[in-house]
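Next come the chains, spelled out residue by residue.
There are 2 protein chains.
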Amino acid sequence: MSVPKFFEYVDQHQTDFIDRLRKAVEIPSVSSEAARRPDVVRMAEFLVSELKNLGASVETRDVGIQKMHDGSSLNLPPVVLATYGNDPSKKTVLVYGHYDVQPAMLEDGWNTDPFKLIEDDEGRLLGRGSTDDKGPILGWLNVIEAHKNLGLDFPVNLKMCFEGMEESGSEGLDDLILLEAKKYFADVDAVCISDNYWLGTTKPCLTYGLRGVSYFHLTIKGPGRDLHSGVFGGTVHEPMTDLFKVMSTLVAPDGKILVPGIYDKVAPLTDEENKTYDNLAFEMNELHSAVGSQVNIHKTEREVLQHRWRYPSLSLHGVEGAFYNPGDKTVVPAKVIGKFSIRSVPDMETEDITALVKKHIESEFAKLGSKNTVHIECSHAGKPWVATPNHWNYVAAAKAVEKVFNVKPDMTREGGSIPVTLSFQDALGKNVLLLPMGRGDDGAHSINEKLDRSNYIQGIKLLGTYLHEIAEIKA
Amino acid sequence: MSVPKFFEYVDQHQTDFIDRLRKAVEIPSVSSEAARRPDVVRMAEFLVSELKNLGASVETRDVGIQKMHDGSSLNLPPVVLATYGNDPSKKTVLVYGHYDVQPAMLEDGWNTDPFKLIEDDEGRLLGRGSTDDKGPILGWLNVIEAHKNLGLDFPVNLKMCFEGMEESGSEGLDDLILLEAKKYFADVDAVCISDNYWLGTTKPCLTYGLRGVSYFHLTIKGPGRDLHSGVFGGTVHEPMTDLFKVMSTLVAPDGKILVPGIYDKVAPLTDEENKTYDNLAFEMNELHSAVGSQVNIHKTEREVLQHRWRYPSLSLHGVEGAFYNPGDKTVVPAKVIGKFSIRSVPDMETEDITALVKKHIESEFAKLGSKNTVHIECSHAGKPWVATPNHWNYVAAAKAVEKVFNVKPDMTREGGSIPVTLSFQDALGKNVLLLPMGRGDDGAHSINEKLDRSNYIQGIKLLGTYLHEIAEIKA
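Chains as they are written, first to last, in this note's numbering: chain A, 1 to 475; chain B, 1 to 475.
Source of the hints: derived by calculation from the structure; they are not laboratory data.
Fair warning: there could be bad hints in the mix.
Which copy is meant is left open, so a pair is good if it fits within one copy or across any two.
Computed list of lysine-lysine pairs in DSSO-like fashion (alpha-carbon distance at most 27 Å, straight line) [what the hints assert, rightly or not]:
id : residue 1 : residue 2
1  : Lys203    : Lys148
2  : Lys408    : Lys335
3  : Lys256    : Lys367
4  : Lys329    : Lys359
5  : Lys221    : Lys329
6  : Lys148    : Lys52
7  : Lys221    : Lys371
8  : Lys367    : Lys5
9  : Lys408    : Lys116
10 : Lys148    : Lys371
11 : Lys329    : Lys67
12 : Lys335    : Lys90
13 : Lys329    : Lys182
14 : Lys329    : Lys183
Just so you know, these numbers come straight off a predicted model, no measurement behind them.
Using the sequences provided together with the hints, build the complete structure.
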């Protein structure tokens with residue numbers, strides 16, 4: 001293995017790699033803002049140019065148009081597909097990343113211009129997209145550059161899939177994955193996604209599970225128009241009264257979901273699984289710090305992580321159609337839509353969740369004796385995901401972590417969902433690994449997003465070493 | 001009495017009176033829009049000019065500045081004070097109206113330009129402010145014109161108070177009323193406000209009562225910032241969960257308020273009072289038509305009106321700080337403010353209402369065992385109002401209705417509040433009468449606001465006759 005020379009190259013070219021990230025951060029590729037769409041396309045062009053210079057075969061795929069809320073249409077940014085190496089004797093690894101970013105404005109509270117990469121005194125590379133997800137994407141490019149310039153044999157055939165709509169629902173991507181499953185992605189042996197974070201700030205992890213989410217719209221309507229509470233209060237069935245009654249029966253203040261039957265299919269916690277929580281690098285004060293206060297429900301770190309990763313939860317998000325501004329307004333809303341979602345875990349089925357919620361809502365509404373009408377629908381549902389963490393894809397990644405960081409990685413799951421994970425697993429039928437580069441406090445969607453210099457540089461080593469470890473695997 | 005000649009003049013000058021209303025409607029005096037403030041001032045100038053031409057003594061009062069949400073300031077439109085007649089042997093009647101209007105745009109769904117007065121085939125004068133409240137204000141001016149041009153002795157000393165901020169909380173008016181109570185308004189014997197509506201569409205009414213309102217902000221907070229439900233769902237006490245639990249304990253689907261003790265001071269319904277509901281011109285289909293559906297709680301018209309006028313009600317209005325847009329967002333809001341209000345009736349006291357609500361909310365919140373915090377406050381409170389309907393002010397108005405419409409007026413109350421009513425009663429210590437000109441279906445705050453030609457013309461006769469009847473009273 002040629003790892004020492006590779007490590008040396010990476011250490012010596014830190015400035016070049018940071019400059020590459022600087023150029024990427026300077027392109028404000030915000031996918032959710034129509035006016036920024038040309039910047040998103042420019043970011044794709046930047047990647048294409050960099051990849052071509054590195055000798056990769058690159059193509060861009062038009063994935064259609066986006067219908068905007070105002071009725072207009074916008075071209076979706078292209079998906080960049082690239083291949084580096086084509087040796088039938090090597091394994092083929094597909095890596096995924098996204099080159100679009102969350103919105104950011106100095107006025108939101110950033111300490112520095114969000115679209116200038118600034119390194120502060122503590123070695124933090126501040127800038128929108130630094131950690132989510134431009135740093136990890138460029139990590140792969142940096143690995144290629146190092147091998148090319150060192151004249152080292154590249155350990156695997158690398159396929160790359162970089163999209164520009166991840167922060168806006170990955171529109172168009174699933175269709176492309178299905179279309180290319182037996183074509184562009186036909187030879188793929190395993191998938192690696194670097195688009196999540198360490199559990200804390202000190203220890204690397206491999207992530208093998210995500211919760212699913214079922215989002216619900218609970219509509220209650222009655223009056224034909226919004227009414228004045230002075231004139232009509234006390235004389236008509238008010239949709240808000242009914243909505244609060246029904247929504248208050250969904251979840252207890254301690255987080256327990258009150259929908260009958262919802263826990264029936266939740267996989268029981270085995271002793272073996274419980275042991276995997278024994279030594280995770282996570283402290284209660286990290287939760288307090290992330291939440292900004294001490295409103296934790298559970299007393300132990302183990303319970304916190306289990307309720308984040310392997311038990312379902314239900315959150316009430318808001319009400320559409322009601323008064324929401326500051327101040328006072330005496331409106332009786334005619335039609336209100338309560339929004340809530342359930343985070344799902346193995347072995348819950350999304351169809352069961354919808355059926356149980358529907359049954360519960362209709363039963364609770366019937367108790368009210370209201371003349372209003374109720375309608376409940378699941379607006380979107382994503383299944384939970386759990387990979388096999390003893391697959392060679394994980395074994396290789398774990399060995400790579402040990403070589404770069406001298407520590408065994410934490411084996412983690414996450415409470416949120418990364419839908420593309422399941423899309424790749426289902427369409428390709430291959431093992432998917434989540435291999436994060438950044439830390440848990442990077443603030444991916446917040447102000448002052450950062451990627452620590454050491455995470456970027458060690459992360460490049462990690463991604464390269466992971467590919468070398470795959471080449472070593474005899475499977 | 002010179003009523004026949006007056007009636008004849010009004011009938012013959014319908015076109016002139018409608019032209020006067022046309023000019024007023026063409027001035028888009030929307031008090032809630034900063035950009036329209038010059039139009040509000042222009043409307044005041046129009047009234048001053050018309051009043052001066054009629055020979056009234058007119059003055060305008062600067063009532064200060066308005067602090068806007070964006071931190072800027074705007075001059076409040078002036079209050080127009082005018083006097084017509086100054087004969088110590090006559091009674092002095094103060095009439096109030098407002099010359100500002102609700103916002104209106106063709107795009108809202110108006111069939112015609114809201115700021116052009118259009119008469120349709122059914123004799124409806126369509127236009128913003130036609131009925132609320134430019135028609136009634138000009139009614140008083142038209143009465144003066146008729147008497148002046150006919151050379152008739154004016155039956156009373158008329159004091160007029162016309163404000164330009166009624167649709168925006170009457171800012172500045174209460175201070176002026178207090179300031180002038182013993183000065184400009186010192187000689188006032190009775191007050192008449194024409195700023196409400198008939199109960200239905202066919203029969204005039206006099207209105208002698210209004211409900212009060214106590215508006216509450218229920219704040220629950222915990223996390224230091226908004227959280228992602230994927231990462232934190234199931235691990236922290238969510239303010240929305242607590243808010244829905246607590247707010248769901250406030251009112252039953254049948255409108256019954258669940259705050260303990262809230263009904264204790266509600267005046268019992270006497271047989272005598274119950275009889276006043278015997279023959280009111282109100283049909284259940286008018287409620288259905290106004291509400292736009294059949295979600296009435298009560299089976300009889302009597303119960304509907306009693307629950308609108310003389311029983312309290314509680315309405316949930318909305319949530320500040322939660323997700324409210326269309327679509328899906330998986331936010332766990334860090335701080336939410338539930339908004340609700342109680343319509344109060346005699347003999348409830350606002351201080352008691354606040355204390356009972358506070359006690360109930362805190363007791364219900366304590367049951368949750370949540371680590372979040374709760375805060376409840378009354379953001380504004382207005383007392384209920386009930387006048388003495390056998391006062392000569394009402395007797396005169398009732399006689400006037402009989403002379404103009406050949407029918408005894410319904411004696412009504414209203415469910416909403418018109419705060420200036422109580423301001424005048426309290427500051428001047430005089431009887432206040434609500435004498436409506438328009439019909440219950442005029443759509444004062446809606447699209448296609450109208451005032452029927454017959455209501456305008458007969459309304460002018462009504463206002464004039466009312467003043468003559470006052471002059472006849474020996475009290």
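Hints, one by one, checked against the model:
In this assembly of identical chains, Lys203 and Lys148 lie within 27 Å of each other by CA distance neither inside one copy nor across copies; the values are 30 Å within and 92 Å between. Proximity of Lys408 and Lys335 under a CA criterion of 27 Å is satisfied in neither setting, with 54 Å inside one chain copy and 39 Å between copies. Both within a single protomer and between protomers do Lys256 and Lys367 lie at most 27 Å apart by alpha-carbon distance, with minima of 22 Å and 15 Å respectively. Taking the shortest Cα distances, Lys329 and Lys359 sit within 27 Å of each other only across copies (24 Å), while inside one copy they are farther apart (34 Å).
In the homo-oligomer, the alpha carbons of Lys221 and Lys329 lie at most 27 Å apart both inside one protomer (19 Å) and across protomers (22 Å), since each shortest distance falls under that limit. Taking the closest pair of Cα atoms, Lys148 and Lys52 come within 27 Å of each other only inside a single copy of the chain (13 Å); across copies the shortest separation is 92 Å, beyond that limit. Proximity of Lys221 to Lys371 under the C-alpha cut-off of 27 Å is restricted to the intra-copy arrangement: shortest distance 9 Å within a copy versus 33 Å between copies. In this assembly of identical chains, the alpha carbons of Lys367 and Lys5 never lie at most 27 Å apart, being 72 Å within a copy and 64 Å across copies at closest.
Taking identical chains as interchangeable, the C-alpha atoms of Lys408 and Lys116 are never at most 27 Å apart, the minima being 35 Å within one chain and 77 Å between chains. When the C-alpha separation of Lys148 and Lys371 is checked against a cutoff of 27 Å, the pair qualifies neither within a copy, at 72 Å, nor between copies, at 56 Å. Taking identical chains as interchangeable, the C-alpha atoms of Lys329 and Lys67 lie at most 27 Å apart only when they sit on different chains, with a minimum of 19 Å there against 34 Å within one chain. Neither within a single protomer nor between protomers do Lys335 and Lys90 lie at most 27 Å apart by alpha-carbon distance, with minima of 60 Å and 54 Å respectively.
Proximity of Lys329 to Lys182 under the C-alpha cut-off of 27 Å is found in neither arrangement, the shortest distances being 57 Å within a copy and 34 Å between copies. Taking the shortest Cα distances, Lys329 and Lys183 never come within 27 Å of each other, neither inside one copy (58 Å) nor across copies (35 Å).
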